[in-house]
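Novice: If you want the building blocks of each chain, they are given just below.
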Amino acid sequence: MSDVSVIVTVVERPEPLEALYREYAAVLASCGRSYEFVFVAHPYFHEMLEPLRALERAGEPVRVIESPRSIGETALLRMGLADARGSLVVTLPAYRQVQPQAVCELLAAVDAGADLAVARRWPRIDSSVNRMQALALHLTAGRLANGTLHDVACGVRAARTEVLRDIPLYGDFARFLPLLAIYNGFNVTEVASPQHTSDVKRRIYGAGVYVRRAIDILGLYFLLRFTEKPLRFFGLIGAVLAGTGGIALAVMFVQRIFGQPLGNRPLMLLAVLLATLGVQAIALGLVGEMIVHFNASRRRSYRLREPEAK
Amino acid sequence: MMQTEQPALSIVVPMYNEEESVGPLVDAVRDALNGAPSWELVLVDDGSRDSTVKIAEALAKADPRVVVLQLARNYGQTQAMQAGFDRARGRIVVSMDGDLQNDPRDIPLLVAKLEEGYDLVAGYRMRRQDKVVTRKIPSWVANRIIIWLTGVRIRDNGCSLKAYRRELLDQLHLYSDMHRFLPALAAATANARIAEVSVRHHARRFGVSKYGLSRIAKLLADLLTIKMIATFRENPLAMFGLGALASGVAAMGFLAAWLTSFVQRADPLDVAPMNAYVFPGSALLCIALAVFLTMLGLIAEEALQKVRAEDQIEQLDLRMART
Numbered sequence: 001m002s003d004v005s006v007i008v009t010v011v012e013r014p015e016p017l018e019a020l021y022r023e024y025a026a027v028l029a030s031c032g033r034s035y036e037f038v039f040v041a042h043p044y045f046h047e048m049l050e051p052l053r054a055l056e057r058a059g060e061p062v063r064v065i066e067s068p069r070s071i072g073e074t075a076l077l078r079m080g081l082a083d084a085r086g087s088l089v090v091t092l093p094a095y096r097q098v099q100p101q102a103v104c105e106l107l108a109a110v111d112a113g114a115d116l117a118v119a120r121r122w123p124r125i126d127s128s129v130n131r132m133q134a135l136a137l138h139l140t141a142g143r144l145a146n147g148t149l150h151d152v153a154c155g156v157r158a159a160r161t162e163v164l165r166d167i168p169l170y171g172d173f174a175r176f177l178p179l180l181a182i183y184n185g186f187n188v189t190e191v192a193s194p195q196h197t198s199d200v201k202r203r204i205y206g207a208g209v210y211v212r213r214a215i216d217i218l219g220l221y222f223l224l225r226f227t228e229k230p231l232r233f234f235g236l237i238g239a240v241l242a243g244t245g246g247i248a249l250a251v252m253f254v255q256r257i258f259g260q261p262l263g264n265r266p267l268m269l270l271a272v273l274l275a276t277l278g279v280q281a282i283a284l285g286l287v288g289e290m291i292v293h294f295n296a297s298r299r300r301s302y303r304l305r306e307p308e309a310k
Numbered sequence: 311m312m313q314t315e316q317p318a319l320s321i322v323v324p325m326y327n328e329e330e331s332v333g334p335l336v337d338a339v340r341d342a343l344n345g346a347p348s349w350e351l352v353l354v355d356d357g358s359r360d361s362t363v364k365i366a367e368a369l370a371k372a373d374p375r376v377v378v379l380q381l382a383r384n385y386g387q388t389q390a391m392q393a394g395f396d397r398a399r400g401r402i403v404v405s406m407d408g409d410l411q412n413d414p415r416d417i418p419l420l421v422a423k424l425e426e427g428y429d430l431v432a433g434y435r436m437r438r439q440d441k442v443v444t445r446k447i448p449s450w451v452a453n454r455i456i457i458w459l460t461g462v463r464i465r466d467n468g469c470s471l472k473a474y475r476r477e478l479l480d481q482l483h484l485y486s487d488m489h490r491f492l493p494a495l496a497a498a499t500a501n502a503r504i505a506e507v508s509v510r511h512h513a514r515r516f517g518v519s520k521y522g523l524s525r526i527a528k529l530l531a532d533l534l535t536i537k538m539i540a541t542f543r544e545n546p547l548a549m550f551g552l553g554a555l556a557s558g559v560a561a562m563g564f565l566a567a568w569l570t571s572f573v574q575r576a577d578p579l580d581v582a583p584m585n586a587y588v589f590p591g592s593a594l595l596c597i598a599l600a601v602f603l604t605m606l607g608l609i610a611e612e613a614l615q616k617v618r619a620e621d622q623i624e625q626l627d628l629r630m631a632r633t
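Protein chains in written order, with the numbering used here: chain A, 1 to 310; chain B, 311 to 633.
Derived from the structure by calculation, the hints contain no laboratory data. Take every hint as true, because none was put in to throw you off.
Here are the simulated DMTMM-like pairs of lysine to aspartate or glutamate, each with C-alpha atoms no more than 20 Å apart in a straight line: (1) B:Lys364 <-> B:Glu330; (2) B:Lys364 <-> B:Glu329; (3) B:Lys446 <-> B:Asp413; (4) B:Lys528 <-> A:Glu228; (5) B:Lys364 <-> A:Glu306; (6) B:Lys537 <-> B:Asp487; (7) B:Lys537 <-> B:Asp621; (8) B:Lys446 <-> B:Glu506; (9) B:Lys537 <-> A:Glu228; (10) B:Lys364 <-> B:Asp337; (11) B:Lys528 <-> B:Asp487; (12) B:Lys371 <-> A:Glu306.
Label-pair restraints from in silico Cβ distances: (13) A:Pro61 <-> B:Ala338: 55 to 65 Å; (14) B:Val601 <-> A:Ala192: 52 to 62 Å; (15) B:Arg359 <-> A:Arg256: 57 to 67 Å; (16) B:Phe572 <-> A:Phe253: 15 to 25 Å; (17) B:Thr444 <-> A:Ile237: 26 to 36 Å; (18) A:Glu12 <-> B:Tyr587: 47 to 57 Å; (19) B:Arg399 <-> A:Glu56: 45 to 55 Å.
Just a sample of chain A residues kept apart from chain B, beta carbon distances all over 12 Å, derived: (20) Ala25; (21) Arg53; (22) Arg63; (23) Arg69; (24) Ser87; (25) Glu105; (26) Ala109; (27) Pro123; (28) His138; (29) Thr140; (30) Arg165; (31) Leu169; (32) Val200; (33) Arg212; (34) Arg213; (35) Gly219.
Ideal Cβ positions, reconstructed from N, Cα and C, are used throughout, including at glycine.
Turn these sequences into a full structure, and let the hints guide you.
Specialist: Structure below.
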């Protein structure tokens, strides 16, 4: 049985996959690991898989899983994980983010006791546009790591297989895997590795990608901070809205008493709108709390650390 | 090492960075329960960064009655307590702070009171040894609000020293920061019988307090939740129905204001153009809110139908345990 399962998700900007395989296979062999590669691919990249299938037929430790329909990186990663046979897993994007040697260091970190080891592209030689995007990501999603991670977007990671299988993965959260791991009480280490030159090219995506990413981060923020206390999230929004509207209404009613008519003040419409929106937010938060309360018997929010010696 | 016999009493102590307190605490518990029926002490480490775990595990090795649980990270006191409750095997479970401010010698008093036929006995700190401004006053205000909102007359919700019947804990499920409202939750959701016993309280000997003052907004949100659960858990639609009703009344008010603005003019059609939309617009917004709340109430009913049925079965268990 092989030691390490390398899961490569082929979902965006893939580089020639056969070369990628040979490069990483050589590195893994150099640090004395037996390995298997699982390529999980989006159907869009069907043609690119042919050389891999040839390798598979030639008896190389390569398996190719092509998703029958269009699914995202998270679902692909889950498929790959289900298929992985090694006791350790390395996840790789289909392009080079760091020097391949990083994989050995990541595996060493896992051997040394980390549940999940994540590469950090450092020193970074990135183009300024990419740096700005990375900074924006770091200042939003990165904050959820409580200052322990510096490059949440790096897809090069190593972990024990059962750790990755224990982390609930859904939606579009695979790219934030280290954050989910921290949230679930796993011990995450960062390993600095020089950025790969092919990762430097400036990347600008369509507007839709940025919108989706922003929604993902908002969802993640809610998931990690407020799953158990939705009212704190919705209540805060609601209190601000309803408070503003309520104060404006109160002021206008007082002015009405002193003779200023209400009916010709469009501000009142705005105040009522804010108040109703605020009440809606709080009501949603209350429903959330009720659902959490009634489901508390079904789930435990803590996870115990396995005793080291029994 | 697994114990075979089931202890009569389990003591659950959440610990976070309490390396100086662990040893004295275990000693104090052992002294206090000397001669008592069989017991176990469950120390729950809440992701401490100091040597709490190491010391606790050494103590557990020396005394099989001491059990150490280790949470994977720092989850908070509520989760630590729940982890301890889940592990505790005694018919009676006592929870207590890990900082030596509670006195284990009070445990037999709580247990005796519980055996008079209560489901939960809460400690009440008589001469509380804490800072007045940052701890005692906020705590007093919070307790007043909790009593007023929930109607559960517990003077000291913040005291961790409490005793519970196993069957009660089986139907309480703590999450978020709910351990502070445990008696209120127990009364509201399990119809628990609750008593108070005055207990000793010591000044902090080691370490620093893990509480701050910056919790008022969170506390308010939690209180609102507790109030809602206490009042409307059987009937969430009623809560949203009331809100919808209030919103509908507001809409009527705006419509009435709109109509009177016609009446007051000499010429009924001579209305300032803004009057034509400010009042009716406000009324429409309120009607929209009423509709929204009604639908939300229906969804809540729908979502909770099944869980509530299971809940009633658990309550039956508690009633049988008391007799």
